[in-house]
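Number 227 marks the last residue of the sequence shown (the numbering used here); no jumps.
None of these hints come from the bench; they were simulated from the model.
C-beta atoms are modelled at their ideal positions from N, C-alpha and C, and glycine is treated no differently.
Any given hint might turn out to be false.
Unchecked claim - BS3-like mimics (lysine-lysine), calculated; alpha carbons at most 30 Å apart, straight line: (1) K168 x K149; (2) K101 x K69; (3) K211 x K140; (4) K168 x K152; (5) K101 x K87; (6) K2 x K87; (7) K70 x K211; (8) K2 x K101.
As the list claims (entries may be wrong) - Restraint ranges, calculated between C-beta atoms of paired labels, are given here: (9) T150 x F68: 38 to 46 Å; (10) T208 x Q28: 40 to 48 Å; (11) K152 x R11: 55 to 63 Å; (12) K152 x D32: 47 to 55 Å; (13) S110 x P55: 23 to 31 Å; (14) T18 x P84: 26 to 34 Å; (15) K70 x D32: 21 to 29 Å.
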Amino acid sequence: MKILLVEDNKRIRESLSTGLNEEGFLVQTEEDGFAARDLIFNQNWDLFIFDIMLPGLTGIELCELIRFKKIITPIIILSALGEPEDKIKALDKGADDYLVKPFHFKELISRIKALNRRTTNYQPKIEEDLFCDNLKLNFKAHKVERNGKTIKLSQKEFLLLKILLEHKNEVVTRQTILQKVWKTQQDTYTNVIDVYISYLRNKIDSKTETKLIHTIKGRGYMISDEQ
Numbered sequence: 001m002k003i004l005l006v007e008d009n010k011r012i013r014e015s016l017s018t019g020l021n022e023e024g025f026l027v028q029t030e031e032d033g034f035a036a037r038d039l040i041f042n043q044n045w046d047l048f049i050f051d052i053m054l055p056g057l058t059g060i061e062l063c064e065l066i067r068f069k070k071i072i073t074p075i076i077i078l079s080a081l082g083e084p085e086d087k088i089k090a091l092d093k094g095a096d097d098y099l100v101k102p103f104h105f106k107e108l109i110s111r112i113k114a115l116n117r118r119t120t121n122y123q124p125k126i127e128e129d130l131f132c133d134n135l136k137l138n139f140k141a142h143k144v145e146r147n148g149k150t151i152k153l154s155q156k157e158f159l160l161l162k163i164l165l166e167h168k169n170e171v172v173t174r175q176t177i178l179q180k181v182w183k184t185q186q187d188t189y190t191n192v193i194d195v196y197i198s199y200l201r202n203k204i205d206s207k208t209e210t211k212l213i214h215t216i217k218g219r220g221y222m223i224s225d226e227q
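Assemble the whole structure, with the sequences as input and the hints as a guide.
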């Protein structure tokens, strides 16, 4: 897992980073909310861990920004604030979990693994037919048509299109594509995603048809008939 840890306390930041690396996670740290915001939107992440009280933007404000941008990456909040109202506010703003300082490191690892299982095992409901404009995908028949004309797709192309259609009008991140289509989280596969998106565009978005597949810079891809 690739984790962004944002904590302004140097001792805590370095201690957590060392421990997470020893557990096999790839960790990048930041101490400022504004700098963290730039990292969030310019890279792909599997998990965010935020302190609440940060210079620049607070952890809560980062949660709001992430969810406003339709990014579904899990978020764990770390805070010395332990009142129910503090936890409720963080969860309402988009956090997935909340740990009160001081906490046992093993508990943090347990929470991370639980969130990862939840994300990895999530399977959206599959309808027999998925649509976007005059494009139709029939999952059971493994068939794709646009304007009534059959389009032949490879297995990976079909799976990629299915993921996009399941989240029509929503950004599908590279992490989601890697997990659902290639069953991996390795960044080395990101170039493969670009190639397969190009394959789909060449087959689906012909010169005479409305362009359906859109690149959302720094975030992922979207299929939509809304221009």
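These are the hints, each one checked on the structure:
1. K168 x K149: holds (21 Å)
2. K101 x K69: The hint holds at about 29 Å.
3. K211 x K140: OK: K211 and K140 at ~25 Å, within 30 Å.
4. K168 x K152: holds (21 Å)
5. K101 x K87: holds (12 Å)
6. K2 x K87: Measuring from Cα to Cα gives roughly 25 Å; hence the hint holds.
7. K70 x K211: holds (22 Å)
8. K2 x K101: Judged against 30 Å, a Cα distance of about 23 Å means the pair holds.
9. T150 x F68: 38 to 46 Å: holds (39 Å)
10. T208 x Q28: 40 to 48 Å: holds (45 Å)
11. K152 x R11: 55 to 63 Å: holds (58 Å)
12. K152 x D32: 47 to 55 Å: holds (50 Å)
13. S110 x P55: 23 to 31 Å: The hint (23 to 31 Å, Cβ to Cβ) holds, given that S110 and P55 are roughly 29 Å apart.
14. T18 x P84: 26 to 34 Å: Because 32 Å falls inside the window, the suggested range holds.
15. K70 x D32: 21 to 29 Å: holds (24 Å)
Hint compliance for this structure: no hint is broken.
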